[in-house]
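*Asks:* Assemble chain B onto chain A, guided by the hints.
Residue numbers (the working numbering), protein chains in the order written: chain A, 1 to 259; chain B, 260 to 1022.
These aren't lab readings, by the way, just hints derived from the structure by calculation. Some hints here could point you the wrong way.
What the hints assert, rightly or not - The calculated DSS-like cross-link candidates involving lysine-lysine, where the alpha carbons are at most 30 Å apart (straight line), are:
1. A:K88 to B:K355
2. A:K112 to B:K347
3. B:K355 to A:K112
4. B:K321 to A:K170
5. B:K764 to A:K88
6. B:K841 to A:K88
7. A:K175 to B:K438
8. B:K355 to A:K170
9. A:K196 to B:K355
10. A:K88 to B:K400
11. A:K196 to B:K841
12. B:K760 to A:K88
13. A:K170 to B:K400
14. B:K775 to A:K256
15. A:K189 to B:K321
16. A:K175 to B:K412
17. A:K197 to A:K214
18. B:K321 to A:K175
19. A:K88 to B:K347
20. B:K347 to A:K197
21. A:K196 to B:K412
22. A:K48 to B:K438
23. A:K170 to B:K347
24. A:K175 to B:K355
25. A:K256 to B:K760
26. B:K771 to B:K402
27. A:K256 to B:K764
28. B:K764 to A:K196
As the list claims (entries may be wrong) - Calculated Cβ distances over 12 Å to all of chain B for the following chain A residues:
29. K25
30. E130
31. N155
32. R157
33. K189
34. K209
35. V212
36. W216
37. K230
38. N243
39. S246
These numbers come from a predicted model, not from an experiment. Quick reminder that beta carbons are idealized off the backbone N, C-alpha and C, glycines included.
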Amino acid sequence: MKGIILLSGLLAFSGASFAETAEEKGLAIAVEADKRDQGWGDQATISKMILRNSQGAESTREIRGKALEVEGDGDKSLTIFDTPADVKGTAFLSFTHTLDADEQWLYLPALKRVKRISSSNKSGPFMGSEFAYEDISSQEVAKYKYRFIKDDKFNGRDVFVIERIPQYVKSGYTKQITWLDKEMYQPLKIEFYDRKKSLLKTLTQHDYKKHVNKFWRPGRLEMVNHQTGKSTTLIWKSYKFNNGFSSRDFDRNSLKRAR
Amino acid sequence: MKELEESLGPWVLKYRWLIIVLTLFLVFGAASGGRFLVFKADYRVFFSADNPQLQAFDNLEKTYSHNDNVLFVLSPKDGNVFTRETLKVIETLTEKSWQIPYSTRVDSISNFQHTYAEGDDLIVEDLVSDAGNLSNADLEKIKNIAINEPLLKQRLVSPKGHVTSVSALITLPNIDQTKEVPEVMNHARNLAEEIRVLAPNIDVRVSGMVPMNNAFAESAQGDMQTLVPISFAVMFIMLLFLLKSFSTTFGTILVIFLSIMTGMGLGGYIGFPLTGPSVSSMTIILTVAIANSVHVLTTLLHGMRMGKEKNNAIIETLRINLQPVFLASATTMIGFLTMNFSDVPPFQHLGNFVAMGVVASFILSVTFLPALVSVLPVRVKVQEEESEPAMVKLGDFVVSKQKPLMYGMGALILVLVMFVSKNELNDVFVHYFDETIEFRQDSDYVDKNLTGLYIVDYSLVSSEPGGISAPEYLNEVESFANWYRQQPETRHVNIYTEVIKRLNKNMHGDDKSWMKIPEERNLAAQYLLMYEMSLPYGLDLNNQINIDKSALRMTVSIKTMSSNEILSLEKRAAKWITDNAKHIKEANGSGPTVMFANIGQRNINSMLIGTTLAMVLISAILIIAFRSVKTGLVSMVPNLVPAAMGFGLWGIFVGEVGLGLSVVTTMTLGIVVDDTVHFLSKYLRAKREYGYTAENAVRYAFTHVGRALLTTSIVLVAGFMVLAQSHFALNSGMGLLTAIIITFALLADFFFLPPLLMKLEKK
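Extracted from the complex, chain A is given alone in its bound form (with noise of 0.2 Å):
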């Protein structure tokens, strides 16, 4: 007995020599996480968004959405808005990049006219839903520096607690504190802090499925603005995988295409 808490206390005592730092152990879990959501290639995905105010009075969104896996830097995706019917074939093309701006083009039915959405903003709203682009595009290791804050439970599954620092400097967060499953390396909560360091929003991800044997995608976003009360639910309906999508489908001209 005296033997194991010598040791350990010796263990402890040399420990910070030669274990990896919160810092590192973060990085590291982020990492894996990406890799282990590499070689995806494209989706195809149908989505609803259901926003609601501090009343419960709701507003509902539809949309389907295409992606690009692209190695090195940010995905490529195009978004068509299926309702409201106002919007109905509006296209957005996006090329996201992890510390710079994204390019972004917009396809207007009503204009017919493709026009380049020319800002550095990443963080405002996206449809007027509590999810700001930044939360929903694509999630690249290099956006963010983290550290491991602790290994907890999470709905009874075993996840990292890993805090997050956004990179971007138009970021609209200070910081993100993310519960990852253990067994996806996906997120199952993510607390979203503004720029005094409050707690803005949570979302939680359920309905966890695995695509292909390999991709695990959520079934349902809750994200929820702890200052407005205001919630959005973002339902996917379907994901689609291999369908072949090649970077022609990710250009100006794709966008008048997509409807």
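*Replies:* For chain B alone, kept in the frame of chain A given last:
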């Protein structure tokens, strides 16, 4: 009753130590409720939960966003906002304002989302960035954009470009508002100070809704810290002068102190908050409670000066005073309790605090006070029969000049009453705070130099989800906004149509002829979608567009003006909507400005019921007490006339009746009735017991109660004049008018009631 009156004195003397100990025990038990008393830093406390204007506004805030703000107002001493130095400061302040606790949005000319076209690109960016490196041409360009931008001009920048502001929107969690508002305010004040140090050539002022909420709490705190000690000091001096005895003065002060502690402590248990009006209850309890002790002690000391032994004098004073002191307390309590009819919770709290304090003071005055006096050394000079030469003369004067007095007073009353109608119901809620209060000074400055602090918020509802993009709806909204802009009271109209017009222009290569509402609904909806995708964190449109995009919020800033002007403006706006709007389904103005504009009338309406009930109850009590319907009814003349005279005088010199004065009639009724009770009880005793004629009974009443009435009136006037010194207009106006009415009540009791009684006797 008679038995009780006679047995009370011996009982008190027998159990004096028990009474003293038990009283202190009970009072401290009650007073410990004081730990629940908190200063409420929220203007909403003035509105009952079922107030329709409050409900409308709550609804609007839930649909869009809360709009309590902190407004930093910057005035560069060189008179030009558009310099590198000042713009740099604005950038800094904008950045730092995000750090204010509970801030959810910051608007300034620097982070204004300027949009323009560049080929096929839509550029959305901060109007000012990196101000230190701007060229002179850039500065000129920024100035041109800012002072011509309808969303900025007269909201965040003055048309001359000499004053600008940074507005931080605060969304309080409302978990513990007594902490949250001061927390925000402290941060804002420190930030303002930081800017003053950073840029000594810029004047920084702080205004907005959060500072207003804070001013409500701070002015109440200020009143408590200054007025309450002053009243105690004034009363102490007056008591020493009146009673000419230190130990009884000490006893009275103790009774007052314990009454206040009991009233406030019990209120604390119930959960009444401290607000401007309810804090004044301390001064009012103090003032009203004093009369009970004075009546008990005057008779006691008088007896001792006549050579009575102290304990006998105690028994005697309780025998004589139990009934009148009880009656006076009961009527005062009724007057204050009927303030529960008020539509304004702080006045209900005030009424209940005081009523409980008055009950405590009655019980203490007839138990604790005599018990205490019996154990304290009381020294008086034994004198020959005390004579009241002044009062004898006054009695003779009133009897001999009864006719001229009656007609003279009658004429004075009539003239004053005629001027009652000169009073206009009017409230300027920013003026609730006098010019010594920082919030008032800064707000006056904002009103004069930048924008309007008064805000009318509209939710303009279209007919269907997404309806805000329909051109017919947008055009009507545009016309409505333009109508408002043409009104002389309007300073600024914040409305989304300005955004969609500008986007339309941007999408047509910045061609000015496209600065109009898009002609097609889909186009407008898609522009909006695009714009929303381009906005940064915190600067979205969710604060002015509801979630299913069926309604727009229009925010109209108007100059500081009276409730009547606001109501008339709102009425004109409602008429415009009825006459012109087919596609706007609903448009109700709401917000604190509208709420305060309605509160005066609502409160007067509700207080009318309260006042009537008080009148009926008090008359009934007097009829029973005097055992005469006629006397009871006659007594109502000197009870009601003073309020009418007071409001008449107010009509001549002030002419504006606000919220604070709407409770005065009810409040004074219970107080002034005491004088009448004392005068009439002596008058009736002289007639019934001694068979005096009316004339002699009047003389008797003057000599026996004239001095007491004079002194209690002086005490009351002094107490309410202290209240009149409040920096919170609701209290100062209430204090002043109450003091005036009490003075008139004394005049009526001395010079109008006796001639009236003598006249009635002759019939």
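*Asks:* Now tell me, hint by hint, if it's right for this structure.
*Replies:* Taking the hints in turn, this is what the structure says about them:
1. At roughly 40 Å between alpha-carbon atoms, K88 (chain A) and K355 (chain B) are farther apart than 30 Å, so this suggested pair is violated.
2. Our distance criterion of 30 Å between C-alpha atoms is broken by K112 (chain A) and K347 (chain B), whose separation comes to about 41 Å.
3. At roughly 42 Å between alpha-carbon atoms, K355 (chain B) and K112 (chain A) are farther apart than 30 Å, so this suggested pair is violated.
4. At roughly 28 Å between alpha-carbon atoms, K321 (chain B) and K170 (chain A) fall within 30 Å of each other, so this suggested pair holds.
5. Restraint check for K764 (chain B) and K88 (chain A): satisfied, since their Cα atoms lie roughly 22 Å apart, inside the 30 Å limit.
6. About 27 Å separates the Cα atoms of K841 (chain B) and K88 (chain A), which keeps this hinted pair within 30 Å; it holds.
7. For a cut-off of 30 Å, the pair hint linking K175 (chain A) to K438 (chain B) stands: about 26 Å separates their Cα positions.
8. Between K355 (chain B) and K170 (chain A) the alpha-carbon distance is near 15 Å, which keeps this suggested pair within the 30 Å criterion.
9. Between K196 (chain A) and K355 (chain B) the CA atoms are separated by roughly 9 Å; this keeps the pair inside 30 Å, and the hint holds.
10. Simply put, K88 (chain A) and K400 (chain B) have alpha-carbon atoms about 38 Å apart, too far for the 30 Å limit, and the pair is violated.
11. Between the alpha carbons of K196 (chain A) and K841 (chain B) the distance comes to roughly 45 Å, so the proposed pair goes past 30 Å and is violated.
12. For the hint pairing K760 (chain B) with K88 (chain A), the CA-to-CA distance comes to about 22 Å; that is within 30 Å, so the pair holds.
13. For the proposed pair K170 (chain A) and K400 (chain B), the alpha carbon gap of about 25 Å is at most 30 Å, so the pair holds.
14. Annotation: proposed proximity of K775 (chain B) to K256 (chain A) holds, straight-line Cα distance about 26 Å (limit 30 Å).
15. For the hint pairing K189 (chain A) with K321 (chain B), the CA-to-CA distance comes to about 27 Å; that is within 30 Å, so the pair holds.
16. A distance of roughly 36 Å separates the Cα atoms of K175 (chain A) and K412 (chain B); the hinted pair therefore is violated under the 30 Å criterion.
17. Distance restraint check for K197 (chain A) and K214 (chain A): the Cα-Cα separation of roughly 36 Å exceeds the 30 Å cut-off, and the hinted pair is therefore not satisfied.
18. Among the hinted pairs, K321 (chain B) with K175 (chain A) is consistent with the structure: their alpha-carbon atoms are about 28 Å apart, no more than 30 Å.
19. With a C-alpha separation of about 43 Å, the suggested pair K88 (chain A) and K347 (chain B) falls outside the 30 Å cut-off, and the hint is violated.
20. For the given pair, K347 (chain B) sits about 24 Å from K197 (chain A) by alpha-carbon distance, which is consistent with the 30 Å threshold.
21. Between the alpha carbons of K196 (chain A) and K412 (chain B) the distance comes to roughly 29 Å, so the proposed pair stays at or under 30 Å and holds.
22. Distance hint between K48 (chain A) and K438 (chain B) is unfulfilled; the C-alpha atoms sit about 41 Å from each other, more than 30 Å.
23. Our distance criterion of 30 Å between C-alpha atoms is met by K170 (chain A) and K347 (chain B), whose separation comes to about 19 Å.
24. A C-alpha spacing of about 18 Å is found between K175 (chain A) and K355 (chain B), which places the hinted pair at or below 30 Å, so the restraint holds.
25. As the CA atoms of K256 (chain A) and K760 (chain B) are separated by approximately 25 Å, the hinted pair is consistent with the 30 Å bound.
26. This hinted pair checks out: K771 (chain B) and K402 (chain B) have alpha carbons roughly 19 Å apart, not beyond 30 Å.
27. Straight-line distance between C-alpha atoms of K256 (chain A) and K764 (chain B) comes to about 23 Å, which keeps the hinted pair within the 30 Å bound.
28. This hinted pair does not check out: K764 (chain B) and K196 (chain A) have alpha carbons roughly 36 Å apart, beyond 30 Å.
29. Annotated as non-interface, K25 (chain A) keeps its C-beta farther than 12 Å from every C-beta of chain B; the closest such distance is 30 Å.
30. The claim that E130 (chain A) is not at the interface with chain B is violated, since a C-beta of that chain comes within 12 Å of its own (minimum 9 Å).
31. Remark: the non-interface label on N155 (chain A) is consistent with the geometry, its nearest Cβ contact in chain B lying 26 Å away (cut-off 12 Å).
32. For R157 (chain A), the shortest C-beta to C-beta distance to chain B comes to about 30 Å, beyond the 12 Å cut-off, and the non-interface label holds.
33. Once the 12 Å rule is applied to beta carbons, K189 (chain A) is consistent with being away from chain B; the minimum gap is 21 Å.
34. The beta carbon of K209 (chain A) is kept farther than 12 Å from every beta carbon of chain B, the shortest such distance being approximately 29 Å.
35. With a least CB separation of 31 Å from chain B, V212 (chain A) remains clear of the 12 Å interface cut-off, as annotated.
36. For W216 (chain A), the shortest C-beta to C-beta distance to chain B comes to about 28 Å, beyond the 12 Å cut-off, and the non-interface label holds.
37. Non-interface call for K230 (chain A) relative to chain B: violated, since the shortest CB-CB distance, roughly 8 Å, does not exceed 12 Å.
38. Every Cβ of chain B is farther than 12 Å from the Cβ of N243 (chain A); the closest lies at roughly 25 Å, confirming the non-interface assignment.
39. For S246 (chain A), the requirement that its beta carbon stay farther than 12 Å from each beta carbon of chain B is met, with the minimum near 25 Å.
Checked against the numbered hints above, the structure breaks hints 1, 2, 3, 10, 11, 16, 17, 19, 22, 28, 30 and 37 and satisfies the rest.
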